Amino acid sequence: MTQYIIDGSQKGLAIGAGIVEIRNNGFFNLKNFTTYHTAASSVLAEIFALESSLKLIKALENEFYSRILIFSDNSSVIKFFNDDLKNSNLSSDTYISGIQRQIISLSKMTDISVHRIGNEYLKLHNIAHNLSRLYLQDPNNEAFYNEKSIDLPMLKTSVPLKNNIPKEPSKT
Numbered sequence: 520m521t522q523y524i525i526d527g528s529q530k531g532l533a534i535g536a537g538i539v540e541i542r543n544n545g546f547f548n549l550k551n552f553t554t555y556h557t558a559a560s561s562v563l564a565e566i567f568a569l570e571s572s573l574k575l576i577k578a579l580e581n582e583f584y585s586r587i588l589i590f591s592d593n594s595s596v597i598k599f600f601n602d603d604l605k606n607s608n609l610s611s612d613t614y615i616s617g618i619q620r621q622i623i624s625l626s627k628m629t630d631i632s633v634h635r636i637g638n639e640y641l642k643l644h645n646i647a648h649n650l651s652r653l654y655l656q657d658p659n660n661e662a663f664y665n666e667k668s669i670d671l672p673m674l675k676t677s678v679p680l681k682n683n684i685p686k687e688p689s690k691t
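For any residue, its number in the working numbering is found by taking its place in the sequence shown, counting from 1, and adding 519.
Heads up, some of the hints might be wrong.
[Unchecked claim] Simulated restraints, written as ranges between beta carbons of each label pair:
| id | residue 1 | residue 2 | range |
| --- | --- | --- | --- |
| 1 | N659 | E639 | 17 to 27 Å |
| 2 | S626 | S594 | 14 to 24 Å |
| 3 | D630 | N665 | 17 to 27 Å |
| 4 | N665 | R542 | 38 to 48 Å |
| 5 | E661 | S626 | 37 to 47 Å |
In short, the hints are calculated from the structure, not lab data. None of the values given here were measured: they were computed from a predicted structure. Don't be surprised by glycine CBs; every beta carbon is placed ideally from N, CA and C.
Make a model of the complete structure from these sequences and hints.
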């Protein structure tokens, strides 16, 4: 079994992902990723952290384990990549549905699931959180911190992710 403790962070247009990858032998690896988005948000950062963990999983190639568990503290990540997939609900957002399809594809080769992080992983989650914020130490990123969004002509027809997250259906 391999486990991934993930966390995302965002400041301005910068997005960071921190991941603690725990192998079945107890050894663990620390990873961090940084990217930028024209309409960055904290939810997008959390989803980027999940996407980054999937890249690490795919890099395992022949080392796939019978079970892969991904742990997040973000409710949207749990909804999109656990609850919605259990109910066969693909998102209308192309970024989210692309990641959902990756999980579906991986699930044909291994038992993979996304869960809410429990108390037993809080120390490792703090490490993932700190890793997700390493981009703050890079002085080259400071130009992006005060920006809220960039209005690019080629993206005018796109709806930013934070405005495109489906609402919970009302119960009647």
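Each hint, compared with the structure:
no. : hint                    : result
1   : N659 / E639: 17 to 27 Å : violated (37 Å)
2   : S626 / S594: 14 to 24 Å : holds (22 Å)
3   : D630 / N665: 17 to 27 Å : violated (44 Å)
4   : N665 / R542: 38 to 48 Å : holds (40 Å)
5   : E661 / S626: 37 to 47 Å : holds (41 Å)
Hint compliance for this structure: hints 1 and 3 are broken, all remaining hints hold.
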